[in-house]
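**Student:** Sequence:
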Amino acid sequence: IFASDRVLIPISADYLAVNGALQVDRTLRALERVLKKPPVRRFVMTRFDTRRKMSWDIDRKLRERFGAEMCETRISENVSLAESPAQHRDVFTHAPESRGARDYAALQEELNIARQRQAEARAENPRLKEEMDTLKSRIDQLSFPAMAMDYAPLPTGEEPGGADYTPLPTGEGRGVREG
21 IFASDRVLIP ISADYLAVNG ALQVDRTLRA LERVLKKPPV RRFVMTRFDT RRKMSWDIDR
81 KLRERFGAEM CETRISENVS LAESPAQHRD VFTHAPESRG ARDYAALQEE LNIARQRQAE
141 ARAENPRLKE EMDTLKSRID QLSFPAMAMD YAPLPTGEEP GGADYTPLPT GEGRGVREG
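Numbering-wise, the sequence shown is residues 21 to 199 according to the numbering used here.
These aren't lab readings, by the way, just hints derived from the structure by calculation.
Some hints could be false.
[What the hints assert, rightly or not] Using 16 angstroms as the maximum straight-line C-alpha spacing, the simulated EDC-like pairs for lysine to aspartate or glutamate come out as follows:
no., residue 1, residue 2
1, 57, 34
2, 56, 34
3, 81, 97
4, 81, 45
5, 81, 34
As the structure is a computational prediction, the values presented were derived from the model and not from experiment.
Build the full structure now, drawing on both the sequences and the hints.
**Tutor:** Right, dumping it as structure tokens:
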């Protein structure tokens, strides 16, 4: 979480999973005080069965609680999603036409669009744009030390350190081939 700028939290359509999601949310909120920039949170409903009233009740409660942080896409309960790990394959390879594969493709598209909109909003914000330009100019001004030692290309089959290969000491340029 400390190295993340985005977190996707899957929530199975049952009440125990909702309690787990609420605990994750509390933990992330507690970490906001420690993190300089808290990660963007998104919650996604998984194992959603449109025939079950409980799925709809949980979905409604989560949307009330998390609002825009809740993904519109729901991952449906699907046998292909259960079978694919047993086959050591992802669902896109195992059953590309399945409902589960379509749902995950839709989720990916939704997340990509949300990320693009965030980037556009940052670009339109003059203060953020100015901060990004300043950061880019600082990066451009940095100088990085040259590699300590570089090697000349070797013919196929030869290894560095062989009898006919001698690297030059640090700072003198490229290694040279003898002979």
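**Student:** Please go over all the hints and tell whether each is borne out by the structure.
**Tutor:** Going down the list of hints, with the structure as the test:
Straight-line distance between C-alpha atoms of residue 57 and residue 34 comes to about 31 angstroms, which puts the hinted pair past the 16 angstroms bound. For the hint pairing residue 56 with residue 34, the CA-to-CA distance comes to about 33 angstroms; that exceeds 16 angstroms, so the pair is violated. As the CA atoms of residue 81 and residue 97 are separated by approximately 19 angstroms, the hinted pair breaks the 16 angstroms bound. At roughly 14 angstroms between alpha-carbon atoms, residue 81 and residue 45 fall within 16 angstroms of each other, so this suggested pair holds.
Straight-line distance between C-alpha atoms of residue 81 and residue 34 comes to about 12 angstroms, which keeps the hinted pair within the 16 angstroms bound.
The structure shown violates the earlier hints numbered 1, 2, 3.
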